[in-house]
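**Student:** Throw the hints in and build the complete structure from the sequences for me.
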Amino acid sequence: MRRLRRSRKLHWLEAGLAAGLSAIVIFLLLTGMAYMTWFERRVIGRLQVRLGPNRVGVGGLLQPLADAVKLFFKEDIRPTQADWLLFPLAPAISLFAALAAFAVIPLGPIVNVAGVSVPGGVANLSVGLLYLVGVSSLGVYGLVLGGWASGSKYSLIGGLRAAAQVVSYELILGMALVSVAIVAGTLSLEGIVGNQANHLPYFILQPLAFLLYLVAAVAETNRAPFDLPEADTELVAGYHTEYGGMRFAMFFIAEYVNVITVSALAATMFFAGWSGPALPGPHWLFIKMLAFLFLFVWLRATLPRLRYDQLMRLCWLVLLPLALVNLLVTAIVVTALG
Amino acid sequence: MANEFGGLLRGLWTTLKHAARPAVTLNYPEQKRQLPANFRGRHRLYRHENGLERCIGCELCAGACPSQAILVEPAENDPEHPVSPGERYAKRYEINMIRCIFCGFCEEACPVDAIKLGAEYELADYDRASFVYTKEMLLEPEKYAPRRQLHLDVDVPRPEYTPGGKALGDLYGTYQPIRGSDEGVGGRGE
Numbered sequence: 075m076r077r078l079r080r081s082r083k084l085h086w087l088e089a090g091l092a093a094g095l096s097a098i099v100i101f102l103l104l105t106g107m108a109y110m111t112w113f114e115r116r117v118i119g120r121l122q123v124r125l126g127p128n129r130v131g132v133g134g135l136l137q138p139l140a141d142a143v144k145l146f147f148k149e150d151i152r153p154t155q156a157d158w159l160l161f162p163l164a165p166a167i168s169l170f171a172a173l174a175a176f177a178v179i180p181l182g183p184i185v186n187v188a189g190v191s192v193p194g195g196v197a198n199l200s201v202g203l204l205y206l207v208g209v210s211s212l213g214v215y216g217l218v219l220g221g222w223a224s225g226s227k228y229s230l231i232g233g234l235r236a237a238a239q240v241v242s243y244e245l246i247l248g249m250a251l252v253s254v255a256i257v258a259g260t261l262s263l264e265g266i267v268g269n270q271a272n273h274l275p276y277f278i279l280q281p282l283a284f285l286l287y288l289v290a291a292v293a294e295t296n297r298a299p300f301d302l303p304e305a306d307t308e309l310v311a312g313y314h315t316e317y318g319g320m321r322f323a324m325f326f327i328a329e330y331v332n333v334i335t336v337s338a339l340a341a342t343m344f345f346a347g348w349s350g351p352a353l354p355g356p357h358w359l360f361i362k363m364l365a366f367l368f369l370f371v372w373l374r375a376t377l378p379r380l381r382y383d384q385l386m387r388l389c390w391l392v393l394l395p396l397a398l399v400n401l402l403v404t405a406i407v408v409t410a411l412g
Numbered sequence: 003m004a005n006e007f008g009g010l011l012r013g014l015w016t017t018l019k020h021a022a023r024p025a026v027t028l029n030y031p032e033q034k035r036q037l038p039a040n041f042r043g044r045h046r047l048y049r050h051e052n053g054l055e056r057c058i059g060c061e062l063c064a065g066a067c068p069s070q071a072i073l074v075e076p077a078e079n080d081p082e083h084p085v086s087p088g089e090r091y092a093k094r095y096e097i098n099m100i101r102c103i104f105c106g107f108c109e110e111a112c113p114v115d116a117i118k119l120g121a122e123y124e125l126a127d128y129d130r131a132s133f134v135y136t137k138e139m140l141l142e143p144e145k146y147a148p149r150r151q152l153h154l155d156v157d158v159p160r161p162e163y164t165p166g167g168k169a170l171g172d173l174y175g176t177y178q179p180i181r182g183s184d185e186g187v188g189g190r191g192e
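Protein chains in written order, with our numbering: chain A, 75 to 412; chain B, 3 to 192.
Calculated directly from the structure, the hints in this document are not laboratory data. Some clues are possibly wrong.
For the chain A half of the interface with chain B, some residues (derived, Cβ under 10 Å), not all of them [stated by the list, open to error]:
#	residue
1	L121
2	R124
3	L125
4	G126
5	N128
6	R129
7	V130
8	V252
9	W372
10	L373
11	A375
12	T376
13	R379
Cut-off 25 Å, straight-line C-alpha distance, at most; resulting in silico cross-link-like pairs (SDA-like, lysine to any residue) [as the list claims (entries may be wrong)]:
#	chain 1	residue 1	chain 2	residue 2
14	B	K19	A	I361
15	B	K19	A	R124
16	B	K19	A	T111
17	B	K34	A	I118
18	B	K34	A	R129
19	B	K19	A	W372
20	B	K19	A	L369
21	B	K93	B	C112
22	B	K34	A	P127
23	B	K34	A	R116
24	A	K227	A	A238
25	B	K19	A	R115
26	B	K19	A	K227
27	B	K34	A	G119
28	B	K19	A	L373
29	B	K19	A	P127
30	A	K227	A	A166
Every residue, glycine too, gets a C-beta built ideally from N, C-alpha and C.
**Tutor:** Next comes the structure, spelled out in structure tokens:
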């Protein structure tokens with residue numbers, strides 16, 4: 075009885091800790107996402123021999139704030155053809171999935187505070203990888219439902235494209251991550267980081283999986299050159315054509331948070347995450363993420379959008395066989411070495 | 003496949019190389035683009051060296067104007083105190099800058115080179131009435147040009163049109179950007 079009471083007390087403590095940590099992480103994600111837009115616009119400006127936004131605040135640093143204020147005060151428009159329930163719900167689903175997925179990314183080592191082990195991220199799940207892949211794929215419901223519920227042909231086509239694309243590339247993403255999980259022998263992201271810190275970062279052991287992951291990650295987040303669901307030139311704005319104000323902003327935030335999440339996951343799975351020499355945990359993760367975020371922007375500034383058939387061919391005829399072979403070889407080698 | 007991958011890397015290298023170039027963007031209100039010497043902006047009326055107005059009130063500019071923006075009301079010169087060297091002078095000379103299309107036909111039509119299109123182009127204002135430029139405003143751009151903007155860098159010195167034979171640049175000083183921007187001076191050698 076006494077033991078039970080003690081463990082219940084511990085539960086409450088852990089729940090409070092998790093709530094506090096999630097609040098901090100969500101705040102960081104939203105701020106980070108806002109500055110990701112600034113970073114992207116400035117970097118893409120430089121790559122296109124422009125300056126980018128530099129008017130609001132020093133070097134344009136207050137631009138995200140100005141954008142947020144503008145979007146917040148925009149009129150709340152709901153098209154007459156739109157579904158009354160799913161139209162406002164869809165962006166919320168996208169945003170929820172995007173924010174929830176980041177929970178298992180370890181930001182630093184597990185520390186013990188007064189007998190309670192505080193995880194480096196919000197949660198240290200033994201099946202963290204599985205959770206992340208699962209939750210992040212929930213996000214596509216937001217895009218599909220948003221596209222359907224808008225009652226517009228452009229939105230619908232955008233939503234359908236999102237469904238086909240995300241489902242296809244999820245396969246590649248999953249298989250690339252499974253290869254790493256086989257090598258690591260664990261699905262816990264904390265464990266995967268620990269393994270890499272002790273031995274080699276997995277981009278050396280799994281170079282093909284890393285490349286496959288990168289391509290799939292760009293496609294998963296609907297970013298150029300795989301931005302077919304939004305495809306401004308064909309679909310106006312795809313699934314979020316009919317959305318404005320904060321509802322549009324929620325889709326937008328979700329997209330950028332997803333970009334941050336896949337960058338953090340790339341750093342965690344292939345580049346030993348938060349571990350690194352000299353600097354404490356979160357700094358290394360931040361530096362590694364920044365490199366991937368730059369890559370995302372760089373790709374967007376360079377590559378033209380793929381055609382739909384090219385997108386599907388690349389996935390099913392090139393990446394999927396490569397991913398399968400990589401998975402098979404990895405599994406055989408790991409089994410052979412015991 | 004290898005070929006396509008190489009193409010991808012080449013493309014990425016190309017965009018990265020471009021990042022090293024100075025941006026073509028000018029921070030507009032602080033930095034201004036150099037205008038071509040024959041830029042057609044806000045009109046100016048000119049005087050002879052002895053101070054007499056060049057305009058003789060012939061109304062050819064008004065006739066040439068395709069948008070009928072120019073109003074000239076001529077009057078006989080008083081022989082004792084002539085305003086212009088000819089028989090007549092412009093008692094009223096007004097250009098409606100809302101109508102003007104900056105085609106420059108007025109300066110081509112003028113037989114005495116009294117009117118030229120200057121380099122000022124920031125002509126925005128708050129009410130319609132203030133777009134009707136009177137003779138005084140056109141004769142003294144340095145005083146009446148909106149917000150005191152004068153683009154003397156593009157003014158090709160035409161001593162014959164300025165009082166005392168001085169180039170406009172000598173009269174008003176050379177044009178300087180208001181302040182440098184934090185981005186450094188943009189633009190590549192106009």
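**Student:** Are the hints correct? Go through all of them and say.
**Tutor:** Taking the hints in turn, this is what the structure says about them:
1. L121: Holds, because the Cβ-Cβ distance from A/L121 to chain B comes to roughly 5 Å (cut-off 10 Å).
2. R124: It holds, given that the least Cβ distance between A/R124 and chain B is near 5 Å, below 10 Å.
3. L125: holds (4 Å)
4. G126: With Cβ-Cβ at 9 Å, under 10 Å, it holds.
5. N128: holds (6 Å)
6. R129: At about 9 Å, which falls below the 10 Å cut-off, the nearest Cβ of chain B leaves the hint on A/R129 intact, so it holds.
7. V130: violated (13 Å)
8. V252: violated (24 Å)
9. W372: At about 6 Å, which falls below the 10 Å cut-off, the nearest Cβ of chain B leaves the hint on A/W372 intact, so it holds.
10. L373: Nearest chain B Cβ about 8 Å off; hint holds.
11. A375: holds (5 Å)
12. T376: holds (4 Å)
13. R379: violated (14 Å)
14. B/K19 / A/I361: holds (23 Å)
15. B/K19 / A/R124: holds (13 Å)
16. B/K19 / A/T111: Status holds; Cα separation ~22 Å.
17. B/K34 / A/I118: With Cα atoms ~24 Å apart, B/K34 and A/I118 stay inside 25 Å; holds.
18. B/K34 / A/R129: Holds, at roughly 16 Å.
19. B/K19 / A/W372: holds (12 Å)
20. B/K19 / A/L369: Holds, at about 15 Å.
21. B/K93 / B/C112: Cα-Cα ~17 Å, so holds.
22. B/K34 / A/P127: With a Cα-Cα distance of about 18 Å, the restraint between B/K34 and A/P127 holds, given a limit of 25 Å.
23. B/K34 / A/R116: holds (22 Å)
24. A/K227 / A/A238: holds (17 Å)
25. B/K19 / A/R115: holds (18 Å)
26. B/K19 / A/K227: violated (40 Å)
27. B/K34 / A/G119: holds (20 Å)
28. B/K19 / A/L373: Roughly 14 Å between the alpha carbons, so the hint for B/K19 and A/L373 holds.
29. B/K19 / A/P127: holds (21 Å)
30. A/K227 / A/A166: holds (22 Å)
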